[in-house]
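Undergrad: Numbering (the numbering used here), first residue to last: 30 to 150.
Treat each hint with caution, since some may be false.
[What the hints assert, rightly or not] Straight-line alpha carbon distances no greater than 27 angstroms define the calculated DSS-like cross-link-like pairs of lysine-lysine that follow: (1) K141 - K33; (2) K148 - K33; (3) K105 - K127; (4) K127 - K32; (5) K94 - K141; (6) K94 - K105; (7) K141 - K32; (8) K141 - K105.
What the hints contain is simulated information worked out from the structure, not anything from laboratory work.
Treat the numbers as computed from the prediction; the structure is a model and nothing was measured.
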Amino acid sequence: MPKKIISRCPFCGGELTVSRLTCLGCDTQIDSQLPIPAFFRLPEELQEFVLLFLRCRGNIRDVEKELGISYPTVCKRLDLVNDLLGQPSGAAPPVSRKDILERLERGEITAKEAAQLLKGR
């Protein structure tokens, strides 16, 4: 099973940073404090959605067919991705608890996505 990048501390919920880069060729190590890229701060299911969207070359109808969801649901997920990616590094997403639960109720996001979004708030 491949390892996944996490963006929140599993103990306190604080934001994590990348602090060491290592060259596999010469074993050079660079220590620094780098933010985790916004894409990797998205819930895993939204990362997969973005990758599918890119594979479909941005064709919403193809994404709709691939996932078996409605056109408006694809658009709502894109809006959610844009909301989450549009935040400056380290800022909390502008999604309220109520909004997340309403999106879950309408079937726009899965229970797992909702749980991850609620954890990241």
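Undergrad: If a hint holds in the structure, say so; if it does not, say that too.
TA: Status of the hints after comparison with the structure:
| no. | hint | result |
| --- | --- | --- |
| 1 | K141 - K33 | holds (16 angstroms) |
| 2 | K148 - K33 | holds (17 angstroms) |
| 3 | K105 - K127 | holds (16 angstroms) |
| 4 | K127 - K32 | violated (32 angstroms) |
| 5 | K94 - K141 | holds (21 angstroms) |
| 6 | K94 - K105 | holds (16 angstroms) |
| 7 | K141 - K32 | holds (18 angstroms) |
| 8 | K141 - K105 | holds (16 angstroms) |
The structure is inconsistent with hint 4 alone, although it conforms to all the rest.
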